[in-house]
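Q: Work the whole structure out from these sequences, hints included.
Protein chains in written order, with my numbering: chain L, 1157 to 1825; chain D, 339 to 409.
Calculated from the structure, these hints are not laboratory results.
Bear in mind that the values here come from a model prediction, so they are computed numbers and not experimental data.
Treat the hints with care, since some could be wrong.
Said to hold, decoys possible - Computed list of lysine-lysine pairs in DSSO-like fashion (alpha-carbon distance at most 27 Å, straight line): (1) L:Lys1417 to D:Lys378; (2) L:Lys1434 to D:Lys346; (3) D:Lys352 to L:Lys1442; (4) L:Lys1284 to D:Lys346; (5) D:Lys378 to L:Lys1434.
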Amino acid sequence: MEKKVIKVALAGNPNSGKSTIFNALTGGHAHVGNWPGVTVERKDGTFRYRDYEVIVTDLPGTYSLTAFSIDERIARDFILKEKPDVVVCVADATNLLRSLYLFVLLRELGANAILDLNMGDLIEGKIKVDIEGMEKALGAPVVITSGIKGTGINELKEEIVKAKDREVAPFRINYGDIEEAIRKLEDKLSGYSLPYDKRFLALKLLEGDPIFKEELRSLGYEEIVELAEKEALTFEQKFGYDLETAIIEKRYGYIDAIVRKYTQRIAPIEEKLSISDKIDKIVINKYLGIPIFALFMWITFELTFRIGGFFSDYIDSFFSGLGGILENYLTSINAPVPLISFIKDGIIGGLGSVIVFLPNILVLFLFLSFLEDVGYMARAAFVVDKAMYTIGLPGRSFIPMILGFGCNVPAIMSTRTIPEERDRILTILINPFMSCTARLPIYVLFTGIFFEKNQGLIILSLYALGIFVAIFSAKIFRTIIPSLKGPISPLIMELPPYRLPTLKGVWIHAWERSREFLKKAGTIIFLGVVLIWFLASVPFSSEYGSEESIIGRLGKIIAPLLGPAGFPYWQIAVALLFGILAKEVVIGTLGTLFGGEENLAKTLQNLFTPLSAYSFMIMSLLYMPCLATIGVIKRETNWKWALFSVFYSILVGWTISVLFYQIGRVFAK
Amino acid sequence: MMALSFVKEGQEVKVIAIRGGKGAVQRLAEMGILPGVRIKVISNSGGPIVIALGNSRIALGKGLASKIICA
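A: Structure follows, in structure tokens:
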């Protein structure tokens, strides 16, 4: 017998208990992956009911389907394009007004929707729901469940199976004053063949939906978009308030009427403080909030770089050991020199330079996933919001900035928690200016030689300069770049109740993110590594990275440009070029080019003054993100922003070190 | 009538109006904060505030809270 398959999508507000329903339906067996092209988690699971095989896809938690955020766009695209047989809208029964809003949007979208009033145990005996009446009014089945207690799940399964072959009842809200504009657009749309319901599309266009506008424009239907915009303007002039808000209010008006008619409060819902509220009394307290946050960050940081660094060292020695063994073996079988170099310096060295990041990233994400799953991350953003606001960034940008002091790669990956795309890109772009640990060896070496007395202070000043450049850049980007323009998005964020996450869950989250780093950024980094190897080796008659190699010649071309900054030496240029691989490499390269680590200090003393040494440290801090960082910026945004970041940082690095050196010279005289 | 940013901890109020730009009104409305809704202030110490809306807790920046008129 043929298996009958039902595809179900699970939609709902964040914290509506959607994942408990998912687990209750599927028994917790989920296939976890990513939505194509984006880094939002996708969960699929299955269950059998009667003769049916039901595939459940958990959509990202959203409040709306306006497609302004990645999550909303995913949810909407899934429903519109993959057309699941049934959409279950999981609603927080204690918050009916808001939950029904999403349900209404789903109905308008034309989805075969079931309303699942979840957390039913919390309203039991307090709110009475006229299920039948509500079903009739909404034209869709309504089920009461409690994902936590496991009640109502069988009814929900039953409704899913029944809904599969059900005719979707038409759904329309009377939009009153707006109906006229809707009708005009519907008339216009009837002249075109489009794969959407006309009324739905008309409504979306009047709401100013960017995705549909873009889609119509790309089809060459500019005139439809123009009509929609004209209608919106006419409406605003006529009634004195904007159309988008008017549409939302009408929807709520409709929902409010339904809630009033079909629910009845029989006892007040207890307004006592929950355990989460009590914890929050301390955690987000005006005075304690920031110290607690600082403590958590400090622990995260310390342990990440202690535990991660421990493994990184082993990985490092493993790869250099492996390189040595292979080199010996290849030499013994008389392999050609370029091949040996390619395997040892190119492939093994390159792979090593990528994988060496893995322990740090994995450990850091273990901590972050834990804090996220506990529910702390939202509180952290809350606590720093005020301070961040004054420097022109939302609270959510703070954690990535702090993490940047460790390593910019996971820091940039952690920007995913920022909902507003504009703020997220801004946070990514300024992150490379946060001085990561890889840059520290450069500071240590140069301050050790030139600023023996004030070593700590000088290093601190570089960190401060990085922060300053980051904040300053954020301000500039926000005023100059059109797509990043606009006010700082104000804080509106749900604080999820605290809960103890499972170790397995935390591990899965952390591993997913780390694996992605290996897979995606790894390929880009690896290509870069091979390219640098090539430049350093060709022509093969020359010494690796010497004056005669391509990279040496490039260094000679670049060296004069470094003159105004105080260090016009080709070796320095080559070291900076190698530093693009990873900033740790700068010192190693200088060591090789200046004849070994022991001569390095002496040579540097001859070539640099304290002034030009500081200028060089500024350059090392700012000049360019390393390959891994560039790869991750590309991964999290696109090539355009990755290239922008490269050119902007070269410009800023060069300008500031030249300014510093030149102004310093005037004062030194 | 007063702005939500002035409502004391533990007090329950009704939203009367929202005096914000288009975007803010929309975001708030989508989260269920709109005229007629009753909310309770859980935490307010001069910075961003936390309100209870049914079972959920929502954090709002101070600027935004000052645009929500309550009674």
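Q: Would you mind marking each hint as holding or not holding in the structure?
A: Quick rundown of the hints versus the structure:
Under the criterion of a C-alpha separation no larger than 27 Å, the hint pairing Lys1417 of chain L with Lys378 of chain D is consistent with the structure, at around 24 Å. A threshold of 27 Å between alpha carbons decides the hint, and for Lys1434 of chain L with Lys346 of chain D the separation of about 17 Å falls inside it, so the pair holds. About 25 Å separates the Cα atoms of Lys352 of chain D and Lys1442 of chain L, which keeps this hinted pair within 27 Å; it holds. Between Lys1284 of chain L and Lys346 of chain D, the direct Cα distance comes to roughly 31 Å. Violation of the 27 Å bound is thereby established for this hinted pair.
A distance of roughly 15 Å separates the Cα atoms of Lys378 of chain D and Lys1434 of chain L; the hinted pair therefore holds under the 27 Å criterion.
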